[in-house]
Each structure stands twice: as C-alpha cells, then as structure tokens.
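Student: Sequence:
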Amino acid sequence: MRTSLPRLAIVLFPVIPLLIYLLSSNLPFIHPIVIWFGCLNLFVLTYIVSTQQNEKLSQNYRGLGVLTVWLIQGFGAAILLLVCAGGLGLIVEYLGTGKNKSKRDFSTRFSQIIDLLAISGIGLLAAWLVYTIFNGAIPLKHITLDSLFSIIAMLVAYLASSELGRYLILYRLRGYAYEPLWAESQRSNLITDLMLLPLIIILPLVLAHDGITVFILSTLVIAIFGLYLFQTYANIYEARQDRQKNAELVRKLALVNQTAQNAMFRVDQELALQTACQTAASITQADRAALFVAERDSDTLSLVESVGFTDEEQANGLNLALMNSQQFEPASFIVPNISSFKGENPLHEFNRHVNVASFAALPLLSGNALLGYLAVYHDQPHNYSTTELELINILTERVAASLDNAHLLDTLEFHAFEMTHLVHLSRISTASLKLEQVAADVTNVLRQMSAMDWAMIALLDDTYALMNVVGFSGITTNSEVETFQYKLPQFEEVIKIRNMEIPRPRFIRSDETNLSAPLRSYMDIHALRSLVIAPMVAHESTFGVVFLGTTAFRVLTERESQLIEAAANQVATQVYNAQLYYETHNNLRHQLEQTALIRDIVERISSSRDFNATVQDVFEAAAHTTQADIVRLALRTEADDLWVIEQSFVDGNRDRNYSQRPTDEGIAGQVMRTGSRVVVGSGLLNVSLDVGYSSWLAVPLQLDNLIVGVLSVGSLRADFFKEAQIDFLQNLGSHAIISIQNERLLDELTYQVDVLTSLRGLSLSLSKVLDTRSAALKVIQTATGIMHSQYAAIYQTNRQPAPAALLEQITGNNFPLSPSQSLVISHLVQQVETSGQIQLVENANLIYADKLPDGIPYNYLVAAPIKRGDKVYHILCLGFTQQQRLTELELNTLSLLAVQASAHLENAGLNEEIHDVNSRLRAILDSTRDGVILLDDSGHIIELNPAAERLMGINLREHINENFASTLLQYSESSTDKQAGYSREELMKLARITRLGPQGITRREFTRRTNLNQTLYIEEVGSPVIDDANHLVGRLMVLRDITEEKKLEEYRNEITGMAVHDLRAPLSAIINALQIASERIDTPSGIPVVKRTIEMGLSNADDMLTQVNTLLDIRKGREMTLDRAPTEIEEVIELARLRLITSAEKANISIEVIIPSALPAVNIDPAKIGRVFQNLIDNAIRFTPAGKSIRISVDYWGSKGKLLIRIADSGPGIPEKERTRVFDQYWQSKKNKPLRGSKGSGIGLAFCKLVLEAHGERIWIDPVSPLPGACFAFTLPVA
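In our numbering, the protein residues as written are 586 to 1864.
One or more of the hints may lead you astray.
[Unchecked claim] With beta-carbon atoms standing in for the labels, derived distance ranges:
| no. | residue 1 | residue 2 | range |
| --- | --- | --- | --- |
| 1 | T972 | F734 | 52 to 62 angstroms |
| 2 | R1358 | P1401 | 15 to 25 angstroms |
| 3 | L790 | Q870 | 47 to 57 angstroms |
| 4 | T1396 | N1477 | 22 to 32 angstroms |
| 5 | L1633 | E1543 | 29 to 39 angstroms |
| 6 | N1084 | N940 | 52 to 62 angstroms |
| 7 | N1503 | L1633 | 36 to 46 angstroms |
| 8 | E1630 | N1503 | 57 to 67 angstroms |
| 9 | P1404 | D1109 | 44 to 54 angstroms |
| 10 | T1169 | D1109 | 35 to 45 angstroms |
[As the list claims (entries may be wrong)] Capping the alpha-carbon separation at 16 angstroms, the derived lysine to aspartate or glutamate pairs in EDC-like fashion look like this:
| no. | residue 1 | residue 2 |
| --- | --- | --- |
| 11 | K1456 | E1418 |
| 12 | K1307 | E1328 |
| 13 | K1773 | D1763 |
| 14 | K1632 | E1604 |
Think of the hints as simulated: they come from the structure by calculation, not from any bench.
The C-beta atom is built at its ideal place from N, Cα and C for all residues, glycine as well.
Could you put together the complete structure from these sequences and hints?
Tutor: Right, dumping it as structure tokens:
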C-alpha cells in the first residue's frame, strides 16, 4: 500500500458494487453490471494493494475476477474487464505517483501493468480454448459428471498458461527474478492457488442458485479476505527485511573496522587503499567506487584506486580526475540522482563522463586539510541512508589517518636519504684530486640521489662560448656518451644562470617555447624531457654547471630542488680544486713533452734523408704541441717566391696541399719582410688572414743570416696561441731548416742517379718492343716512376688534319677522367702541338673552373713534345693530384725523357707497319678458298695457305724451304695411286718447267679422291713471280676447287634429260591422239573414237601443263600467289584420287581414305593443294608394290585450328639420312628406285614444300607410319 489514493480506493472499490445493487435492486437489467463490477472490483483492488512480494497472490485474485466474469457473462465481458481494469490501473497509478516520484517510475509501472494484463490475458485465452474444445457451458449454472472433466481441464490450462506467461514475460523479456510454482519459496502461493481455483467454479454456481445478493456478499467476503492476506504477507516480509538489515549492518560494521585496521597498519599502501574502495562499494551496495587523493605539492586530485570501472572508462576518465583541490571545500557531496542534480563540480563532471546515475563523495580530512575523496557510484538512482553515510565516514577517517602516517613515514625516509647521499657525496668528492675521477664519481652519485636518468658536469671558459664536459653518468635514449673534455657550446640558459647575482638552479622542460635552439637540439638528441641546470660557484664565480635530466616529463618538489642545490654547492669546491690540479699538472707535463719532442725531432730529422718525412715530423710536432688546426711551411724558391706546404688537422683530416705565393703576401710575407715572429688573434692590420682561421703564430726560418722560410700554425679559435709557444716553434723551425737544406742537396744527387738508371732501363725494355702502344706504355710507366705523377699519357699528333689522339694512358685507381676533364688535357696537348715547347698548368681547377664544375683530380699538369727533327709526333702529358712546382732539374729530366722516347717510338712504329702488312697478307691467304703455293726461283716452297694443303691432301707446311717437286715425288713413291693429283710424269714435267721455262704460264685440271671417298675436281694455274726490277724471283701455283661446277654441269644435263623425257611422253601421246582423230574424223563410226582420243590428248596436255607450272612455281619460290577459299578437304582428296585411280588399279594398289565426319572447311588454294595431293599419291603409287595399299588419313592437329593429313605407302620407305634432303630441288634418292613409271625429276616434293610454306604450314616425314613404307605428313589451316 503505497499512497493515500490507493488507500481510499481500498475502501471505495468494495462498496461500489454494493451501492449499485442497493440502489437498483428493482431493475433486473442492472444485475449483469453489478456482477461485472464485482469481478472488476476483485481485479483492480488486488492490483492496487499488491507489491513485488505478493505478486503471485495478486495474480490469483485477478484470475478469479476474470474467469468468473467469463463463466458468467462470456468471453467478451472478460476481455472488456481486462481492458477496463488496465485503464483504471493506469489512472490510479498516475494519480498516485506524487511529487517526489519521477516520470521514469511511472513508465516502469506502466510496463508492469501491461505485463500483468498480458499474463491474465494468456491465462484467459488458454482457459477459453480448452473449455471450448471440451464443449463447456457458458454461463456455468450447474455441474454434471460430463462437464466436470472440461472444468478441470480448463483450470489446469489456466494455471499452466499463466505460469508460462510469467516465465516468458517477467523472466525472459524483462529480466526479473523468476521462481517456478513448485519451488520451496512458492509453496504458500501454491496453497493459495488451490484455495482460490475452486472459487472460480463456486461463484458462478452461487449466482445461479442463490441469486445476486448472495453473489455480491460472497465477492465482498472474498475481497476482505484478500485484503487480510495481503496485509499478513506484507507484515511477514517487513519483519524478515528488518532481520536481514540488522544482520547486514553488523556485517558492514565488522568489515569497516577490519578495513580501517588494514589502512592504518598495512605496509602495502596501494593494497590498503584498494581494500578501502572495495569495502565502500560493499557497505553501500554500490556498482563502483573510487578514491581520489590530493597531491600535497601540486594541489591536484588524482584517481589512485577504483573498483568496478571498465578499462575504457578508466582510460577516458583518468584525465578528468586531475583537478585542482582548491575548488573543493571539505564537505560531502551526496547526489541520489544525477539527472535532477543542478550543481556543478569536477567530480560531478567525472561522474557524467563515466555514465553513473547517483554518487556519494565524502572527504578525507586531516584536521582542516583536505587529503582527498572517497566516492561510491550507482548505475541506478539511490537514496543513501544515514547508516551508509556514517559507515563511509568512519572508513574515510581511517583512510585519512593512514595517508597521514604514510606521508610522515615518507618524509622521514627522504630526510635520511638526503643526509646519507650528502655525506657520501662529500666523502667521494674529497677522495681524489683527479678531475676526471672526481667528476665521474660526483655525477654518478648525483644521478642516483636525484633519481634522474642522466647527469653531467661541465666547466665554463672565460669566453662564454664553450663548456668542457668533465663528468658524465647514465645513458639516455639515442644518446652519445660524452667523453672527458668533450666540447659543448654554452647555452643561453647557462649564461643567464652565470650572470645571476645569486646563481640558482633552473628546472627546464622540453616543451617550453622559450628554449634556446642549441639546448632544444641537445635535449632532442639525448631524448631528454626534463632538465635541471645547477650552478657550481667558487670564489663568488660560477665556474661550472651540473646537468641532471630524465627521459620522461617530471615535476620536482621543493625538497628535491633544495637537495640538488645543496649537493651542487657541496661538490663545487672539490671540483674547483680538482680543476686547478688538472691544469697545473697538464702545464708541467706539456713543457716536459715539448722538451722531449724537440729532442726526438732533432734526432730524427738529423738522421733522415727523406724531405717529406722531415716535413711530416715537423708538422705533427707543431700541431700536437700547439693544438693547432693547420700547420704551414713556406720555403723561398729559386724564383724568389714562396713554395707553401700546408696540412690541416681538423676532424681527422690529414690532406697536404701545395701552392705558390709571392713573398710579400699574408702572414708569411710579413715575417719574410721584417724577420720577426708574429702572433695574431682576431686580426692584424695590413695582413690577409685565411677565411676560417682566427689565430696565427708564425716564426722565421734562418740559414746563414738569411731568411729562407716561415713556419706558422693556425687555429679556428680567436686569441688561441700564447707567447710561451713561440720559443718551441722557433727552436723546431731552426732544426728543421738545416735538415731540409741537407736533404735538398742529397735529393738532387739521388734524383739524377735514379733518372739515369730509369732511362737506361727504358732503353733496354724498348729494344724488345715491336708495337707503338707497348712502347708508349713503357715510356709513361718510366715517366710516372721518375716524376712521381699520378697520371701519364702519350698523344699521337701525326694525324693531320685531325687533332692529337690518345695513344696510351695511366690513371690513378681512384681518379678516372670524365669526358669534360679529358678535354682540359686535350687543350694542353693542343698548346704543345702548336708551340712545340713544354707547357704547364699549375692550377687546373682554378683556370678551368667554368668548364669543370666538379673539378679535376689532377690539379697540376705538364706536357712535353716528343719530336723527330722539328716536327712534333707525340706528346707526353703528366698530372699530379697535389699541387707541385717542378724545378728546372725536373723539367730538364722531362725533356731528356722525351728525346730518348722519340727514337724508340719511331722504331716501334716502323716495326708495327711491317707486322701489319704481313698480317694482312696472311689473313688474305688464309681466308681465300683457292689454294696458293709460292715457290722460289729454284722451286722450293716459300709460303702456302691452308686451302692448298686441303686441296692437295698433304701437310706441306712441314716441307717449307724444301723442293716442291721432290716433296710430291716422295708422296708419289709411297703409293701406287696418284697422290696430290700428280703422276710421276707430271712431276717430272713440273720440275722441267720450273728449271727451264719458269716464265711460262701453265694450266691443267686433275681429280683427287679424298679419304672420305669423295672426288675433288681441281684446276691448277702456274705463273711466274716478277719483282720491281723485272727479275724472276719465284713461281706462284694457284689451285681452284671446281668440284661444284662439275657436279652442277652433270646435274643440269641429267635434269634436262629427265625434263625432256617427262615432257616427251605426254607430247607423243597428244600427237598420236591427233593422228588417230585426223584418220577417223571423216567416218561416222569414228566420231566416238575421235572424241576419246581428243579427251586423252587433253588429259596428256594437262599433265604436261602441270609439269610446266610446277617448274614455274618452283622458280618463283616464296613469291607464289595463292587463291584461298574455304574448301572441303574431302573434295580435294577425292579429286586427286580420281585422277590417279587408273594408275593405282593397273598396279593392283588400293587407296584407303580415312576422314572423320563433320570436319570443318580449310582455308586453302584448292588447285595448288590438289597438286600437292597428286604429287604425294603419285609418289606412293610409284614405290608401292603390287597388291599393297596406300592410306590417306585426316585428323585434328593440336587445337582445332588445324588439320593433320598423313599419306602413307607400303614401299621401302626413305632412309633416315636422306629424310632431310627429300624436299630439296632436283634431289633424287640414290638407293630407292621406283617400281613403276619414270625416275622423276626431283621437283614434286620441292613443289609440295613451297606450296605448304606459302600457306604458312609445313610438311615432314612422319617417323611413325601406319604402313611399312614412307609416311608424309602436313598441316592445313581451318577456315
């Protein structure tokens, strides 16, 4: 019983039918209305007072009302009762919602009303169907034995269908809890069902036998009894609920006490807080719980523990949980229904984000300080009871105390940690005076005590430009490990700290927008996200900084910042003392090293005889001692200018460069003019400093009171050199110039000896060389050895009017020449060719800068002419990768080499011409097919070619310089047969001609049989050999193979005979036919004879025409024209068979044709393909023995785009060796002879091949034949 309106309805509804009856008892038509209202009263009344706990009892009463109306007034009245009862229920529900209930409550109750009506309707429908099937009577007035069964079946159907409706609608559709009728908890409801079900039958019988008055009173009694049952059930349920609440309260108090104890004393703080969240959710039956803790230093609330949230909700909601705690006052937030809550706060926003319906958040307080919030959440609106809030409040007090204890413990531990590390830092910083060791130990301890990933100590210089890294600890992502004395630029942030009146540490994040570019780049390289820069101060001056960094963003607390500042101040004095010790130690060591180095250099250069080695020793010593970036040595030359040698020592570069400069230019010129040493920092008036070098130190080199050079060192840094370094450099230069002068004299003598030795070796090697290229290669190899060049080439100029051409060259492995670079050397060669003098290019990259954008590897070039007389025939060109200045001695050596090479190149050219002439003659002789034998004037063999040996069958080369006739005579005596085509008498005649008539011309033909039993026909012509003075110097024998000519002549005769024979037979037949016709044409009886003879004559004429056409088609070859048309292959075969059937029958030969049905037409020239079939069938008839057969078959070939035709005979077949030649023109088998007919002309098969090739097809001999003889196969295209 929920509101005042339902309570009023309880009183009014039972009275309504009674009032209606009393007021209208004398009106009979009112009785059905009264009855209907009485049943409606049962239905609606039980609905109003029903609750979830007595829902089954309510259902039974509703069923009683509906089925009673049905059994009294019929099915329509029952349905009307359901509809009206539902409408009244909605009206009562809507009017009874009250102001404190939401529309959501009404909508929920509306769905419940529909569910109840549906369950009642299902029961009514099932009862009506079963009762109708068993022919039950409506209205029910009495019970008979026959109707008893239908009534029982109807009640069972109602009970079962109602229970099924409850299961489907309430459990399956709505998801409510469901217990079946036979469950233990439903036994009381089952008893109620058994009590109320008989009333469904009793009430209609009471109306029928006792009247409406007793019926109304019965319904009233039943309604009052139902109200009593409902109230009894409600009291029992409330008592049970109170008992459960008390037990639950005791359990929650015990749980809160246990959780509070865990939170107070548990060491694992995270687990304790998680347990607190679980306890809060348990005591309030909440779906979720969360614990927010305020950060003490940042005034923000953070979600530290939660229960019931999904991973997605936590991922989306954690950022919203970071809130400023100053927005909160230490008060509780109780929101039973978020949808009706009008206030705004960050917790409320978080709650909306995670989609909850109600929440309660109680503060965690330490005194008046807010430590955080403990919040519980429900997915449905929830009214938080006072008991629940008190339990949560107890829990929050215990959690707050636990957080206070944890913070106190952390503070004590951190203080102990600070003191321990500071003591340790003090101890290790005073344990050593070595700067590198002190810095390494300090950075390691600083990194550990500050919980950083990376630490570094850098000392500052006075220029505000660089920092020297002296200590490094930790490795960052993508980080390089800085080494001791690693140079870094002084960042703007470091300079600002240095310029502070009281330097203080600075905390930096990589996402700050005002960072300097160098520091941002440095942090990106080392993947640093947070950085602390702490100054180190000694004697009121910032001499260094400590860097501490992390690879993740971090926020330092005030205590951590103070610890870092205290640590930096504590180690500053020790690091400063170690720096002083380091600098003092280095200065002393440096002075000792200079003294030792001077002594070592003096010993080495005094015993050295290598100029380059001496220069290298001087450069290395100067660069090492002064830490210079470049060293220069300028020496005065014979031309009174300076030859400058310089070497750079920047970034490991050790390339040496050479150049020529005037004696009055730059710092070297200043020293040469004044004889004084020069030290320059940022600049010197009237002195040109090289770009990029800001500091210079230069000293003069004197020999016999004469300044012969300048030794200078340069640095990229301004004001780098000190006065103390001048004496070392002066001393080093004095010793170096003496050694250099001695080495010059020795080098000149050694050079001259080496040149003479090399020229002698060149003469010896060139004496064995016969070709120009080899001689040129020897010359340039000698030139590179003498001049030490990296490139050498010889150009040949006697090619007028063409320009000089490259004869041979040598290039360095790493410096090949491109086409544009080759043009530079060609231009130099052209100048030498024009002037006839030595030409120099001292800086090719500068002179030809516009033509060589990529430069040329050989910057110094020299070219010398190689003459014969006054004419330049060759040019020697040399190239050097490094800048050179050739001395007069070296230029004279180059001229001497050119003179010596001239004679040898001329000799090599003459030998090459002679060799070329001989090679050409030999090639001509070897390539000719005619045999050539050259005899001297006495008949001895001088020369011959391979063709002569092949034609004569004798290895004559073994008999060079022997008498030709005597040699042949030896072969003649060794065999009875004529050898080499000469008989004994012919050899004697040849000897006489050679001796007595050498100027005569002889000609003869002879035959010779080879070892392969082949006959060669040879024509021999002998003629004298006369020199320019008309003197006889020998005899030339020319042998020509005329075997093919002889065979062709024989073949022509044979073909002519066969053609005449083949044409004479049909022509004779034509003449005989015409004679017979002329004799019989005048007689009447002779007309048939004349007709037959004319037909025979025409047939023979056709045969003769076919022979002629075949010869013409073969002569045309591939120019044969075709008249293609779609043709049935059966017709072509049959026509060819009919033309030759007479010949086959005479020979007793059967022609078998096998053609599948439904073959497609072929795209052919039917006339020419018909002649192909005629030729092949005619050949088969010629070679097939009598009584045998010929088979013609047609089938598909491969895909269905072609047809395969095979014509097989029973003859002897074709030998395998002859199968490749049977289709050649005029070819005839030597072994197989035809059994009938003439031998043939050898043109039939050739014609077949040409016709099929013109069709794009081919013909061949099939090795697999269906008959014993030959099988010809060919293909034809399908139309």
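Student: Look at each hint and say if it fits the structure.
Tutor: Structure-based check of each hint:
no.	hint	verdict
1	T972 x F734: 52 to 62 angstroms	holds (59 angstroms)
2	R1358 x P1401: 15 to 25 angstroms	holds (19 angstroms)
3	L790 x Q870: 47 to 57 angstroms	holds (51 angstroms)
4	T1396 x N1477: 22 to 32 angstroms	holds (26 angstroms)
5	L1633 x E1543: 29 to 39 angstroms	holds (35 angstroms)
6	N1084 x N940: 52 to 62 angstroms	holds (56 angstroms)
7	N1503 x L1633: 36 to 46 angstroms	holds (37 angstroms)
8	E1630 x N1503: 57 to 67 angstroms	violated (33 angstroms)
9	P1404 x D1109: 44 to 54 angstroms	holds (46 angstroms)
10	T1169 x D1109: 35 to 45 angstroms	holds (38 angstroms)
11	K1456 x E1418	holds (9 angstroms)
12	K1307 x E1328	violated (32 angstroms)
13	K1773 x D1763	holds (15 angstroms)
14	K1632 x E1604	holds (14 angstroms)
When held up to the earlier numbered hints, the structure conflicts with 8 and 12 and fits the remainder.
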